[in-house]
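S.K.: Keeping the supplied structure of chain A fixed, place chain B upon it in accordance with the hints.
Listed below, chain by chain, are the residues.
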Amino acid sequence: MALVLPPNVTEKTFQKALDAFAGVLGRQWVLATDEDRGTYMDIYAPGDADAHIPSAAVGPQSAEEIQAIVRIANEYKIPLWPISRGKNLGYGAAAPRMTGTVVLDLGRMKRIIEVNEKFGYCLIEPGVGFFDLFNHLQENKIPLWMSVPANAWGSVVGNALERGYGYTPYGDNTRNICGMEVVLPNGELLRTGTGAMSNSPCWQLFKYGYGPSWDQLFVQSNFGIVTKLGMWLMPEPEATLGLNIQLPNPDDVGWAVDALAPLRMNGVLQQSPSIGNSLRVAASQSQRSQWYQGDGAMPDDVLRQVLNKFNLGWWGIALRLYGYDEVNEAHARIIKDAFAKYTKQEFQVVKWHRGDPIENSGAGVPSTNALQIVNWRGGRGGHIGFSPVLPPTSEHVLKQFHSTKKRYEEIGIDYYGSFTLLDRHTTNVNMMIYDRDDAAMTAKVRALFKVLVADAAKEGYSEYRTHLTFMDDVAHTFDFNNHALLRLNETVKDALDPNGILAPGKQGIWPKAFRGRQA
Amino acid sequence: MNSKMDFGPVGCIARLLAIAVMGGCIGAGIGVARSAAAQGKAAGDSAQKLEEGKKLFHERCGYCHLAGGTGTFMLGQRLGKDRALLEARTDLSVEYIKKITRVGINSMPPHTRIEVPDSELDLIAAFLTRPASARGNAGSSGGAHE
Numbered sequence: 452m453a454l455v456l457p458p459n460v461t462e463k464t465f466q467k468a469l470d471a472f473a474g475v476l477g478r479q480w481v482l483a484t485d486e487d488r489g490t491y492m493d494i495y496a497p498g499d500a501d502a503h504i505p506s507a508a509v510g511p512q513s514a515e516e517i518q519a520i521v522r523i524a525n526e527y528k529i530p531l532w533p534i535s536r537g538k539n540l541g542y543g544a545a546a547p548r549m550t551g552t553v554v555l556d557l558g559r560m561k562r563i564i565e566v567n568e569k570f571g572y573c574l575i576e577p578g579v580g581f582f583d584l585f586n587h588l589q590e591n592k593i594p595l596w597m598s599v600p601a602n603a604w605g606s607v608v609g610n611a612l613e614r615g616y617g618y619t620p621y622g623d624n625t626r627n628i629c630g631m632e633v634v635l636p637n638g639e640l641l642r643t644g645t646g647a648m649s650n651s652p653c654w655q656l657f658k659y660g661y662g663p664s665w666d667q668l669f670v671q672s673n674f675g676i677v678t679k680l681g682m683w684l685m686p687e688p689e690a691t692l693g694l695n696i697q698l699p700n701p702d703d704v705g706w707a708v709d710a711l712a713p714l715r716m717n718g719v720l721q722q723s724p725s726i727g728n729s730l731r732v733a734a735s736q737s738q739r740s741q742w743y744q745g746d747g748a749m750p751d752d753v754l755r756q757v758l759n760k761f762n763l764g765w766w767g768i769a770l771r772l773y774g775y776d777e778v779n780e781a782h783a784r785i786i787k788d789a790f791a792k793y794t795k796q797e798f799q800v801v802k803w804h805r806g807d808p809i810e811n812s813g814a815g816v817p818s819t820n821a822l823q824i825v826n827w828r829g830g831r832g833g834h835i836g837f838s839p840v841l842p843p844t845s846e847h848v849l850k851q852f853h854s855t856k857k858r859y860e861e862i863g864i865d866y867y868g869s870f871t872l873l874d875r876h877t878t879n880v881n882m883m884i885y886d887r888d889d890a891a892m893t894a895k896v897r898a899l900f901k902v903l904v905a906d907a908a909k910e911g912y913s914e915y916r917t918h919l920t921f922m923d924d925v926a927h928t929f930d931f932n933n934h935a936l937l938r939l940n941e942t943v944k945d946a947l948d949p950n951g952i953l954a955p956g957k958q959g960i961w962p963k964a965f966r967g968r969q970a
Numbered sequence: 173m174n175s176k177m178d179f180g181p182v183g184c185i186a187r188l189l190a191i192a193v194m195g196g197c198i199g200a201g202i203g204v205a206r207s208a209a210a211q212g213k214a215a216g217d218s219a220q221k222l223e224e225g226k227k228l229f230h231e232r233c234g235y236c237h238l239a240g241g242t243g244t245f246m247l248g249q250r251l252g253k254d255r256a257l258l259e260a261r262t263d264l265s266v267e268y269i270k271k272i273t274r275v276g277i278n279s280m281p282p283h284t285r286i287e288v289p290d291s292e293l294d295l296i297a298a299f300l301t302r303p304a305s306a307r308g309n310a311g312s313s314g315g316a317h318e
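Taken in order, these protein sequences are the chains called A and B.
Just so we're aligned, residue 452 is where the first sequence starts under my numbering, counting upward by one.
Just so we're aligned, residue 173 is where the second sequence starts under my numbering, counting upward by one.
In isolation and in its complexed conformation, chain B is listed as follows:
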């Protein structure tokens, strides 16, 4: 493979970045004392944002990156089937997702800020890097193009 950028070699960096970024992004457990009500509201907001991020991921990226999609197929060829489905991955970082979305990779074209505005990309990246506690069944299924 002659690619200049690849999900493979960046995986280690991606995991480190994910750890650094996810706390701030998801807004959970950063050691600041808060009231139970405030914590509950924050958790609710986070869950809602993850749902929005999931919906946007399916709408904007699902053309290729759900089960059976061309992006899933190509990632499966390059990295193996266990790393083919983006929403099941745990080794991606917010920065990496944003960069690849804007510059493209291999045969994946870049996405403009009109197709995926920054505010939407923030939510998509937060969804793809959600913590294990927010994963469960939701968000790891593929399904048809939506």
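Chain A extracted, bound-state conformation:
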């Protein structure tokens, strides 16, 4: 990919900045060839990868090197886009929001600084992947469990900072954050919580510190670069009990949410189950052309044949109870009674006890197998997710499900969705899978995405996270009092980052220097 300079920067100034970066990092860790730029592009972009081209990438190995890079960036007005491991797949991967931005790749910062078994936490750097931490816990026989997302190729820190989630009782990954070290846009180093004391033994034990608590300021934001993160880990339980069930009909998702939401809120169910349509299983095991080669979305009768072949219902649910046998059994009875009001189907029960193989336990075991779905349409596959947050009731869920499915069918792609139940909301992930070699298809997907954002906004639903291309669209749905929240974000941005060097445009927050660049 040929060089595209940052806005308002000459090639001479850009080269001076690269030389200065190399002076700090060594030439080896300043990546600026055409091939290098290509490696930071959004692999799964829905036809618009050229809107997010980096000019270069730099790879620091310490907070001190990041401070030096940030100071140089301020001097030469070079925008930086921090990434942890660059695996934000479906949301833009390693690519920056604004073309010409230099990627600040923290992938070399891979230290697991501390794992504390007694208090159940770790302190890690951004380059530590889910596999790295999992292997560390396993190899050292540390009885702490992780929460991992469906595709676990990425960074533990990066995922938590983007509000990713897993499926254990510690599944809300952002909630597990306890203490950060951050480089601010002016190069200053900060520690949050009680880490702001120089000698606190509670940095990873107490989240709030004293006075305002700033951790959320650095989540899904462009206000600082997180260089260390404390994360709470779950003590290995004595036993788990799994309850799996297939629901045969599309509208079954409504009563399932009504049955589960009160149990999720009162703590009978402590993990966040995903009610997913079974196309996701079919898409990970087969290709669409094996079942259907006609135009338009796969017809319902063909989908039914696919589901029958895999012995699946329209939706699948895997619930998991964690703790002690007696308590799990009691909670399982409560869940079964709640479901018995709606269905005569029985749960498949899976039991695990400490010492059994971890694969069947319900622990977070990293895998990349979820990526197999991108091969559903063939060609160079891609995927993007539209994920609004709804109240967990059948009324909201069914309306949103039918509305989204109809929109998918209008452009001829197959509905692929799930509803994950958290304490008091459900996150509705709608995956769009496409063939990137089919320009017409990707154009339709891009258009559909904007329609879905608008449809959801009419109902008062926002996304919990989105792809680079749609960050402005989603930010603008937060419209109370003439977008007062966005104006606050911009005020904070300009105060912390007057030169606008840190991740311009992330989450729709543009610094003064680049405001108005929304595409």
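Everything labelled a hint here was simulated from the structure, so no lab data went into it.
Glycine residues also receive a C-beta, built at the ideal position from the N, C-alpha and C atoms.
Incorrect hints may have been included.
No more than 30 Å apart at the CA atoms, straight line, and that leaves these computed lysine-lysine pairs for BS3-like [stated by the list, open to error]:
# : chain 1 : residue 1 : chain 2 : residue 2
1 : B       : Lys226    : A       : Lys592
2 : A       : Lys561    : B       : Lys270
3 : A       : Lys760    : B       : Lys253
Simulated restraints on C-beta separations [as the list claims (entries may be wrong)]:
# : chain 1 : residue 1 : chain 2 : residue 2 : range
4 : A       : Glu639    : B       : Gly308    : 54 to 62 Å
5 : B       : Ala239    : A       : Glu797    : 32 to 40 Å
6 : B       : Lys227    : A       : Phe761    : 34 to 42 Å
M.R.: This is chain B only, laid out in the frame that chain A set:
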């Protein structure tokens, strides 16, 4: 299949490149007279580099390319199960491995020089293109993700 690049059609080229490249890479049998001690040391160095390459392959590529991994699954779908496991393949070339690592293929994303530096990629490619004499049991097993 509508792929622009595929392990399949390039296989023949890959085999030719492998023959051309492997001699220099592995450092064995290029007809230069050397002392027995030097030859022994060279063989030892080569074996060590292959071990390093194997370890790096498992660490950097094993997320997807060991038995049961998503890359193995997808290659199996496209090329057949006998060509699904990369470390058991004998039709890959150093150049091809390096290129695919940097540009990606189908649903496989490209890998940056920070994730896999050139020096590591050299060792990984040498391991994946090791000669038959260096194969044996080691390196052809899959195993779980490491």
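S.K.: For every hint, state whether the structure bears it out.
M.R.: Here is how each hint holds up against the structure:
1. Lys226/B - Lys592/A: holds (25 Å)
2. Lys561/A - Lys270/B: Within the cut-off at roughly 24 Å; holds.
3. Lys760/A - Lys253/B: Since the Cα atoms of lysine 760/A and lysine 253/B sit roughly 22 Å apart, the hinted pair holds (cutoff 30 Å).
4. Glu639/A - Gly308/B: 54 to 62 Å: holds (56 Å)
5. Ala239/B - Glu797/A: 32 to 40 Å: holds (34 Å)
6. Lys227/B - Phe761/A: 34 to 42 Å: holds (37 Å)
Hint compliance for this structure: no hint is broken.
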